[in-house]
Amino acid sequence: MMAGLRQARHRFRWNRFTSPEALEQVRLNACRRFLADLPAGRQTGRYIDAALPDLPFPAGRFDLALCSHFLFLYGDHLDAAFHIAAIGEMLRVASEVRIFPLLGLDGAPSPHLDPVRATLEAAGHEMEILPVDYEFQIGGQSMLKVSYQHNETNHKDSF
Amino acid sequence: MTEPFDLDQVLPWGREAAEYRDFFDLGVLDPKARILDCGGGPSSFNAEMTEAGHAVVSVARSTATGQRRSPAGWSKPAPP
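Chains as they are written, first to last, in the numbering used here: chain A, 102 to 260; chain B, -6 to 73.
Bear in mind the hints are in silico, worked out from the structure with no lab data behind them.
Keep in mind the model is a prediction, meaning the values are calculated, not measured.
Errors might be hidden in some of the hints.
[To be verified] One-sided excerpt, in silico: chain B residues whose CB lies under 10 angstroms from chain A: (1) D23; (2) A40; (3) A53; (4) P73.
[Said to hold, decoys possible] Computed cross-link-like contacts, DMTMM-like style, restricted to lysine to aspartate or glutamate with a CA-CA straight-line distance of at most 20 angstroms: (5) K25(B) x E44(B); (6) K246(A) x D23(B); (7) K246(A) x D215(A); (8) K246(A) x E197(A); (9) K25(B) x E41(B); (10) K246(A) x D234(A); (11) K246(A) x E229(A); (12) K246(A) x E190(A); (13) K246(A) x E236(A); (14) K246(A) x E227(A); (15) K246(A) x D18(B); (16) K25(B) x E197(A); (17) K246(A) x E222(A); (18) K25(B) x D164(A); (19) K246(A) x E41(B).
[Unchecked claim] Which bits of chain B does chain A cover? Going by a derived footprint, with three or more residues having C-beta under 8 angstroms, they are: (20) 5 to 15; (21) 29 to 37; (22) 41 to 49.
Note that beta-carbon positions come from the ideal geometry of N, C-alpha and C, so glycine has one too.
Chain A with its partners taken away, still in its complex shape (with noise of 0.2 angstroms):
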């Protein structure tokens, strides 16, 4: 992984990272944290078994939902009916949902965004690319702003 990071260092600003190894420590470190508070977080229900697009929570249950690096960056193995079907499913579950990066693995803008964006807003959803102070992959500081829009037309069904 790091061998891949070197070899494609150029499609990365570093500034906040100073060099790929600088940025393996803080990955390392926070999965790290991740995996010490794991088992209580458990016990607590902070860390759910599931995946999208199927989320075991009801209607309405979070104020916001956020999506790091997974949809849109792995858009190779992910389709854009997957994409619409986890955003769908975020929104049942949460007011607003929020997405970063936009980017795939390549660095290029990915190609579900256009799909997705017609039809959470065919949907009736509103949806917002913003700029976000935060720009590793270059080109990537942009996140998604869906907010769900409480009406009659619009119910999970609706995607």
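Add chain B to chain A, keeping to what the hints say.
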């Protein structure tokens, strides 16, 4: 091998709460806000936010084949 959160299968590549704040422009969060983290992999967002008094639930299994370790190790392209 489909055991939930098979740690051997998870790429040890986590992101931290400070990054989440910037990814998602979280600003000052209401401590009462109920937050769901979907597909975030082994990030420390939940641990750090819980310690800071926030209510976070993480869906801790990723279907991203790209986030799984392949038998031959990670292959290119590298994840950010």
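Structure-based check of each hint:
Given hint, D23(B) at the interface with chain A, holds; its Cβ is 8 angstroms from that chain's nearest Cβ, closer than 10 angstroms. For the restraint placing A40(B) at the interface with chain A, the shortest Cβ-Cβ distance is roughly 4 angstroms, inside the 10 angstroms limit, so the hint holds. Annotation: interface hint on A53(B) holds; nearest CB of chain A at approximately 4 angstroms, less than 10 angstroms. Interface hint at P73(B): satisfied, since its Cβ lies 5 angstroms from the closest Cβ of chain A, which is below the 10 angstroms cut-off.
At most 20 angstroms may separate the alpha-carbon atoms for a hinted pair to count; K25(B) and E44(B) meet this at roughly 14 angstroms. Distance hint between K246(A) and D23(B) is fulfilled; the C-alpha atoms sit about 18 angstroms from each other, no more than 20 angstroms. Restraint check for K246(A) and D215(A): satisfied, since their Cα atoms lie roughly 14 angstroms apart, inside the 20 angstroms limit. Of the supplied pair hints, the one linking K246(A) and E197(A) holds, its CA atoms being roughly 7 angstroms apart against a limit of 20 angstroms.
Taken as a hint, the K25(B) and E41(B) pair is honoured in the structure, with Cα atoms around 16 angstroms apart against an allowance of 20 angstroms. Between K246(A) and D234(A), the direct Cα distance comes to roughly 15 angstroms. Compliance with the 20 angstroms bound is thereby established for this hinted pair. The hinted pair formed by K246(A) and E229(A) meets the criterion: a straight-line CA distance of about 5 angstroms does not exceed 20 angstroms. Restraint check: the Cα-Cα separation between K246(A) and E190(A) comes to about 15 angstroms, which is no more than 20 angstroms; the hinted pair holds.
Using a Cα cut-off of 20 angstroms, the hinted pair K246(A) and E236(A) holds, with the two alpha carbons roughly 17 angstroms apart. At most 20 angstroms may separate the alpha-carbon atoms for a hinted pair to count; K246(A) and E227(A) meet this at roughly 8 angstroms. Taking the CA atoms of K246(A) and D18(B), the gap is about 10 angstroms. The hint holds against a cut of 20 angstroms. About 15 angstroms separates the Cα atoms of K25(B) and E197(A), which keeps this hinted pair within 20 angstroms; it holds.
With a C-alpha separation of about 12 angstroms, the suggested pair K246(A) and E222(A) falls inside the 20 angstroms cut-off, and the hint holds. This hinted pair checks out: K25(B) and D164(A) have alpha carbons roughly 9 angstroms apart, not beyond 20 angstroms. Of the pairs offered as hints, the one joining K246(A) and E41(B) is violated, with about 23 angstroms between alpha carbons and a cut-off of 20 angstroms exceeded. By the rule of at least three residues with a Cβ nearer than 8 angstroms to a Cβ of chain A, the coverage given for the region 5 to 15 of chain B holds, with 8 such residues.
Only when three residues or more bring their CB closer than 8 angstroms to a CB of chain A does the claim for the region 29 to 37 of chain B stand; here the count is 9, and the claim holds. Residues of the region 41 to 49 of chain B with a Cβ under 8 angstroms from some Cβ of chain A number 3, which satisfies the need for three, so the listed coverage holds.
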